[in-house]
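Enquirer: Residue numbers (the working numbering), protein chains in the order written: chain A, 51 to 282; chain B, 51 to 282; chain C, 51 to 282; chain D, 51 to 282; chain E, 51 to 282; chain F, 51 to 282; chain G, 51 to 282; chain H, 51 to 282.
Keep in mind that the hints were calculated from the coordinates and are not lab data. There could be a bad hint or two in this list.
Said to hold, decoys possible - Here are the computed distance ranges between Cβ atoms for each label pair:
#1 Arg136(B) x Leu128(G): 26 to 32 angstroms
#2 Arg117(D) x Asp120(B): 30 to 36 angstroms
#3 Thr79(G) x Arg142(B): 52 to 58 angstroms
What the hints assert, rightly or not - Under 7 angstroms between C-beta atoms, here's a sample of chain H residues computed to sit facing chain F:
#4 Gly104
#5 Val183
#6 Ala184
#7 Gly185
#8 His187
#9 Phe190
#10 Ala213
#11 Thr216
#12 Gly234
#13 Leu237
#14 His238
#15 Phe246
#16 Leu249
#17 Ser251
#18 Ser253
Glycine is no exception: its CB is placed at the ideal position from the N, C-alpha and C atoms.
Number of protein chains: 8
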Amino acid sequence: MYGSGEFNIDAGRDHRTGVPEVVIAEGKTDEQLRDISLEFIERTGKVIISRLKGDRKDVLITALSERFPDLRIQYEALPGFLSAKRRDCPERRNGGRVAIITAGTSDIPAAMEAELISRESGCETLSFHDVGVAGLHRLFGPLKKIREWGADVLIVAAGREGALPTLVSGLVNIPVIGLPVSTGYGLHGKGEAALFAMLQSCSPIAVVNIDAGFVAGAVASRMASRCSGSRE
Amino acid sequence: MYGSGEFNIDAGRDHRTGVPEVVIAEGKTDEQLRDISLEFIERTGKVIISRLKGDRKDVLITALSERFPDLRIQYEALPGFLSAKRRDCPERRNGGRVAIITAGTSDIPAAMEAELISRESGCETLSFHDVGVAGLHRLFGPLKKIREWGADVLIVAAGREGALPTLVSGLVNIPVIGLPVSTGYGLHGKGEAALFAMLQSCSPIAVVNIDAGFVAGAVASRMASRCSGSRE
Amino acid sequence: MYGSGEFNIDAGRDHRTGVPEVVIAEGKTDEQLRDISLEFIERTGKVIISRLKGDRKDVLITALSERFPDLRIQYEALPGFLSAKRRDCPERRNGGRVAIITAGTSDIPAAMEAELISRESGCETLSFHDVGVAGLHRLFGPLKKIREWGADVLIVAAGREGALPTLVSGLVNIPVIGLPVSTGYGLHGKGEAALFAMLQSCSPIAVVNIDAGFVAGAVASRMASRCSGSRE
Amino acid sequence: MYGSGEFNIDAGRDHRTGVPEVVIAEGKTDEQLRDISLEFIERTGKVIISRLKGDRKDVLITALSERFPDLRIQYEALPGFLSAKRRDCPERRNGGRVAIITAGTSDIPAAMEAELISRESGCETLSFHDVGVAGLHRLFGPLKKIREWGADVLIVAAGREGALPTLVSGLVNIPVIGLPVSTGYGLHGKGEAALFAMLQSCSPIAVVNIDAGFVAGAVASRMASRCSGSRE
Amino acid sequence: MYGSGEFNIDAGRDHRTGVPEVVIAEGKTDEQLRDISLEFIERTGKVIISRLKGDRKDVLITALSERFPDLRIQYEALPGFLSAKRRDCPERRNGGRVAIITAGTSDIPAAMEAELISRESGCETLSFHDVGVAGLHRLFGPLKKIREWGADVLIVAAGREGALPTLVSGLVNIPVIGLPVSTGYGLHGKGEAALFAMLQSCSPIAVVNIDAGFVAGAVASRMASRCSGSRE
Amino acid sequence: MYGSGEFNIDAGRDHRTGVPEVVIAEGKTDEQLRDISLEFIERTGKVIISRLKGDRKDVLITALSERFPDLRIQYEALPGFLSAKRRDCPERRNGGRVAIITAGTSDIPAAMEAELISRESGCETLSFHDVGVAGLHRLFGPLKKIREWGADVLIVAAGREGALPTLVSGLVNIPVIGLPVSTGYGLHGKGEAALFAMLQSCSPIAVVNIDAGFVAGAVASRMASRCSGSRE
Amino acid sequence: MYGSGEFNIDAGRDHRTGVPEVVIAEGKTDEQLRDISLEFIERTGKVIISRLKGDRKDVLITALSERFPDLRIQYEALPGFLSAKRRDCPERRNGGRVAIITAGTSDIPAAMEAELISRESGCETLSFHDVGVAGLHRLFGPLKKIREWGADVLIVAAGREGALPTLVSGLVNIPVIGLPVSTGYGLHGKGEAALFAMLQSCSPIAVVNIDAGFVAGAVASRMASRCSGSRE
Amino acid sequence: MYGSGEFNIDAGRDHRTGVPEVVIAEGKTDEQLRDISLEFIERTGKVIISRLKGDRKDVLITALSERFPDLRIQYEALPGFLSAKRRDCPERRNGGRVAIITAGTSDIPAAMEAELISRESGCETLSFHDVGVAGLHRLFGPLKKIREWGADVLIVAAGREGALPTLVSGLVNIPVIGLPVSTGYGLHGKGEAALFAMLQSCSPIAVVNIDAGFVAGAVASRMASRCSGSRE
């Protein structure tokens with residue numbers, strides 16, 4: 051009933067909005083995921099999939115490779131992020147610069163999702179991990195490097211109390227996007243406390259949903275692309 | 051005990067972060083507000099105050115004018131936004147372009163706060179109001195003009211179900227900041243539903259807290275300043 | 051202690067309310083489910099079961115078929131919807147027309163539950179899937195066909211930010227039922243954000259609970275049956 | 051800045067969706083309310099306003115009457131519902147039948163809002179009040195009359211535990227819309243408990259937001275108009 | 051470290067409060083459960099355990115039987131309720147009468163827990179299941195029998211919208227205890243909606259926590275014991 | 051439209067359920083309150099009203115006294131509880147004994163509402179106030195007196211952390227009804243924390259909604275009446 | 051009924067727990083407040099009252115002064131904190147040292163409540179205000195002074211995102227008590243976000259309820275008294 | 051990409067704050083956990099890990115022992131707490147005294163985590179388990195012993211309604227830290243009710259997050275170390 055080719059995909063989104071459409075694996079059956087992926091490759095030359103974990107990845111890669119033997123496939127295990135492109139699918143490059151900081155080790159998967167979609171949108175990225183708020187001295191070095199690199203926008207990922215983006219935004223004049231992560235425990239410990247705190251931040255930050263690395267990366271890419279566009 | 055001149059204000063924030071500090075009138079006594087304001091003017095040549103309503107405004111203006119007879123004072127009643135500057139306080143201009151759209155009439159105060167802080171940060175602004183989601187045809191004209199104007203970033207304010215930023219972000223390649231507004235009623239009707247929806251948006255948007263016009267404007271200004279800096 | 055035939059089923063509900071009773075498999079043991087099902091078939095000639103997944107389906111079908119060898123059994127895997135009818139159980143047909151739209155692939159199971167119960171109640175159905183809000187252009191074609199078909203009522207299923215029913219209801223004069231779906235992640239990401247947004251919708255929609263495909267279909271069927279009754 | 055005639059009103063909504071647009075007085079200043087109202091009357095011959103309480107009503111009526119001396123104005127104090135129409139504005143009549151039941155006295159304002167918008171949309175209405183769930187015997191008489199009258203749809207308003215719509219829907223084959231009302235106290239006592247209960251109802255009902263009399267009436271009117279359209 | 055005999059059990063609670071202490075299996079390791087059980091049997095001649103599911107039951111029974119070969123063990127699988135008594139442990143009988151009604155099949159486990167603890171406290175019980183609120187006619191028979199039996203107190207278990215206790219309490223003069231059950235789905239669908247509705251009930255009911263069959267039974271037993279004590 | 055005599059009051063509830071109906075003043079207009087009150091007096095010889103504060107009380111008493119010059123009116127200011135009875139309205143006496151304990155001074159209004167409705171239902175009452183949990187020694191005296199008095203049921207009112215009912219129920223074999231009160235501040239400080247804690251109580255208590263003195267008193271009265279009935 | 055001298059006050063708490071009992075004015079009538087205060091002075095020589103605002107203060111002071119002409123009365127307006135002592139009531143001094151830091155001006159009232167109760171418990175205090183997290187440089191000076199002063203415990207008051215206690219606790223080895231304050235707006239903006247963040251803090255802090263200056267001061271005093279006791 | 055030695059660990063935290071850093075196993079992959087642990091041992095001579103359960107423990111111990119054959123490893127299964135120290139890593143001893151009480155058996159794992167971190171910070175500990183609030187008599191013995199031992203601070207762990215810390219704090223002058231535990235069921239039954247109640251406690255307690263044994267122990271250690279430091 052929901053066979054290959056019948057999906058109503060939005061193949062023009064990439065062109066229209068500057069960020070490629072990403073298929074979320076969660077909530078779809080293996081069959082749906084395969085058919086949507088094939089449709090995307092057929093019509094746009096590539097497909098990008100997020101939150102693809104465990105065996106499902108292997109099943110999917112096998113199916114895609116059978117139909118398109120020339121696919122270049124890249125997969126990052128921590129965020130479960132897969133991109134599959136035909137040989138002739140052009141690499142995108144726009145010169146935008148997206149910097150990313152994480153507060154702790156557990157924030158890396160969400161941050162990597164942001165980083166990967168930023169690159170897929172054509173931006174350059176620079177990441178620093180484990181720059182926690184419980185030991186402030188670890189923060190200043192990375193911030194200095196980020197300024198020198200000339201970041202157009204700065205994504206700061208943090209779980210628990212989510213204080214890091216607030217701190218960072220008080221120290222720089224680069225726009226900051228807060229990415230709350232579902233680490234923590236107890237009351238509102240699945241990233242909610244971090245999200246609430248970022249929304250209440252004393253220093254100005256824009257926020258995305260918990261673990262929404264894709265959204266952080268997509269918004270950051272639009273910003274950075276715009277800046278780099280002006281640079282040219 | 052908390053007399054004039056004793057406040058520990060952050061006079062360098064403007065220079066450090068690119069956005070002037072804004073004093074929130076709510077939660078402060080009249081005396082505190084007056085003393086903080088005088089301190090800011092003394093040290094930076096200006097003070098900007100948000101959420102200043104009713105009689106408190108008149109009391110404050112009188113007190114400030116007595117001490118500083120050369121103040122230029124501007125006040126917008128809907129958001130309760132006041133700026134007071136000494137004659138020699140330089141106007142800031144950086145060429146950044148911040149566009150603003152509201153879904154309905156009730157969203158205007160929050161949107162104006164965003165607009166005013168954008169201007170105080172040196173950006174140009176372009177606003178369209180009442181572009182509701184219940185009648186889609188009203189949206190396309192403003193979007194066209196915003197594109198032609200060359201907006202660097204787009205703030206979309208909406209209450210109720212908060213669908214407008216989602217729609218807009220699916221149609222443009224400009225970074226979109228969703229500004230949820232505390233209109234609505236019933237379950238999560240003080241802007242929470244709008245905020246939740248924006249966080250779950252299918253198209254990428256960064257979000258600020260409910261009625262956080264200041265934050266939306268501050269983040270947007272940093273972005274736009276950055277782009278315009280690249281333009282030069 | 052709770053043997054076959056002892057269940058206090060409401061065999062007259064179908065006749066009284068125009069919609070067949072549906073047994074929810076969740077929260078019942080296999081024994082309870084079997085005994086209730088047998089009781090229904092015994093007394094009404096059929097049984098309809100929702101949210102029946104995995105092995106439980108096979109166990110149940112075997113048990114029912116043994117007792118009633120003439121059963122016609124239909125099963126849809128995505129929503130886990132099973133109907134089992136004796137040969138002489140009359141097909142119901144009332145001419146009501148229920149249209150269904152989904153925002154994304156993940157919304158299909160809930161939408162199918164609504165569709166199947168509509169058909170069981172005697173209505174005709176027309177469905178369009180994947181008509182997302184992030185790419186508006188995909189919406190207009192289906193809406194046009196639904197109008198031409200003469201839908202009596204329109205069910206719109208959406209997860210994430212749940213904006214689609216709001217959009218649709220602003221464009222048609224058909225009554226719209228919003229069906230929030232438990233897709234999404236992060237804050238209120240199990241369909242709550244979609245539900246809250248639909249309750250706050252700027253354009254008038256009636257709402258059912260998250261994933262409540264049965265309820266959406268049952269209410270829609272009552273409406274459509276009523277309209278078609280008037281048509282005759 | 052936001053002067054008369056500049057509002058971006060959706061004058062075609064009535065024609066497009068079958069239900070007149072209603073201006074919510076809450077969240078608008080007196081000036082905004084007046085200007086929007088004048089704009090509506092100018093372009094459509096009428097304006098309908100909800101949640102208009104106290105002095106604001108008198109201020110508005112005076113302003114409207116000055117500009118349009120031929121206005122027919124109707125005002126119901128309990129819901130704060132005002133309609134103002136020019137003499138030549140045609141009365142609408144479509145033969146749809148909307149029945150309304152309230153559980154208690156405190157539910158009447160929301161129910162009246164639903165009733166009034168139903169009439170403005172061209173439907174006939176029949177209301178029964180105070181049919182509480184704590185004394186079941188009071189329910190059966192009204193239900194019998196509603197059936198005999200031939201209601202196309204039934205709005206059931208209830209606060210506190212919100213059980214009445216569930217009961218009613220188990221006894222009829224008319225589509226039921228549950229209208230939760232902000233009566234009650236303590237935990238989730240502003241209508242939330244009623245709303246939650248209606249969403250979980252064992253018998254099928256569609257639901258609107260707390261105190262959303264307008265939405266209940268608007269959806270009901272679309273349904274009833276459709277049925278009556280089929281009757282002709 | 052936490053060996054047998056070291057637990058600080060409250061062996062006198064039964065005598066002091068009229069209701070035997072019940073050990074909740076959840077949240078304890080197998081070792082803790084065994085040691086506490088042995089301690090109870092040692093000091094009071096019996097142990098009663100709730101929420102004991104799956105293999106844990108068999109492990110425990112084996113361990114207890116080894117140490118006390120004369121144990122009489124009773125186990126009900128649906129609620130996971132086990133009582134183990136030495137031969138010489140006196141049966142309690144006080145003549146109190148506790149009636150129990152469930153709205154649906156899924157409510158039976160919680161209701162059985164209430165029933166079993168009532169019996170362990172010395173009361174007689176009378177239960178009716180599946181007396182749903184969606185088909186009122188099923189309710190009147192059981193209520194009549196309960197009145198004739200002379201119930202001292204009435205426990206009404208319901209999930210989903212939890213309307214049944216409200217209905218029942220409006221029809222009788224027996225004290226009613228509402229027992230919300232974790233059936234349902236979507237918003238507040240783990241019994242919360244039922245609990246909230248019972249707390250808001252128009253007719254007077256006292257409430258216990260979701261699935262708190264033990265508490266409902268314990269409070270009911272105290273009441274009924276008191277009444278029957280007066281009868282003697 | 052909603053004139054005197056038209057209310058659909060449930061005059062038989064007192065007889066049917068053993069507890070008189072109580073009209074809640076909140077959420078009704080002065081006119082509605084007056085008309086409902088007159089209707090009750092007309093048909094049952096009395097009316098009982100709760101949550102009647104300030105001037106509304108005087109307005110109502112004047113109106114009732116004019117129509118029924120022989121009314122005996124009693125009013126308690128703290129809970130805002132009024133009873134008005136015609137001379138020939140018989141006093142009810144059933145010998146049930148309801149004891150009431152409050153944790154602090156702020157809990158007295160809710161406790162008094164429970165006490166007054168218990169008396170109106172024919173029970174005797176015994177109250178002890180300010181028996182806080184922060185100083186345990188204050189508790190033992192009152193508990194001893196309550197036991198000696200022979201209380202059939204015990205209502206324990208507490209705000210803040212609501213620990214008192216838990217303590218009490220561990221020390222007696224009388225059924226305990228927890229009455230959470232809306233004292234406190236900060237997170238869940240309007241009585242919610244007390245309610246949640248009572249629902250989780252380690253010792254068995256039945257609970258009513260926050261500030262629901264009426265419900266506590268009504269359920270307690272049914273229990274006590276039952277016990278005293280058995281005593282005769 | 052609740053006359054002077056009848057209150058069941060806990061006059062020995064001060065001696066038993068090391069912290070004087072504080073009467074919360076909120077939730078008590080003027081008469082209750084007066085009678086409790088008189089009772090405390092009568093039996094302990096003093097009374098301490100918190101959250102006493104506006105006219106209520108003057109009414110109370112007048113009543114207390116009439117009965118006890120020798121009272122020394124101190125009142126701090128920001129937190130509404132009053133202490134009234136007879137001449138012969140001994141001053142307490144124990145050498146404990148409680149330091150207090152606030153993030154912003156709006157946090158001062160709660161912090162002052164903590165400071166005042168610390169002094170009433172016999173400790174010395176040292177406060178620094180307006181040490182916000184958006185400008186880190188303001189923090190280091192106060193921390194240095196606090197270390198040099200030899201603080202036994204450190205209370206950190208913060209609203210909004212509540213990040214300051216987390217930062218501070220990562221920089222010192224003094225125990226830190228987080229005091230969340232009800233400043234902020236939008237989602238969880240009444241101090242909840244600050245509380246949640248402090249509970250999730252990466253660096254160890256103990257937390258009290260929102261605006262619970264009394265609790266913070268009382269716990270801190272116990273700690274500091276203990277340390278200073280060891281110093282002697 | 052995230053190999054051994056690349057983690058940005060805060061090796062100086064122990065020295066700076068008086069409490070060793072603890073690595074939370076949850077939310078990290080086995081590889082990350084191993085590399086961080088090795089890094090810690092390399093640089094500080096030890097690593098402490100919490101919430102390490104099941105097979106992960108064995109995998110980790112094997113890896114650590116291979117690299118550092120001289121490790122002394124201690125593991126407590128209930129809290130999943132592991133410490134691994136090189137032979138030459140000095141034992142810390144500071145003479146602080148931390149007492150710990152649990153309400154029930156299920157609270158032991160969180161309490162043990164607090165106890166173990168207290169010891170790792172150099173304090174002595176004294177624990178009493180199962181001192182429930184439903185049988186008050188069990189409390190007085192342990193409290194007496196704790197006073198005699200000279201505890202500097204008292205951690206009270208409780209789930210369900212969380213009343214025990216409130217009771218204890220009203221009876222002693224030792225500072226009390228409430229540790230809510232995720233036992234319970236139904237509404238807010240994962241420790242939230244206990245946390246909320248502790249925050250609202252009538253007697254002063256400082257609180258940590260649910261199951262935050264580490265935080266309770268760390269704050270208590272800082273306090274006790276300070277007191278013992280003064281003792282010397």
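Enquirer: Which of the numbered hints above does this structure break?
Expert: The structure breaks hints 2, 4, 8 and 9; every other hint is satisfied.
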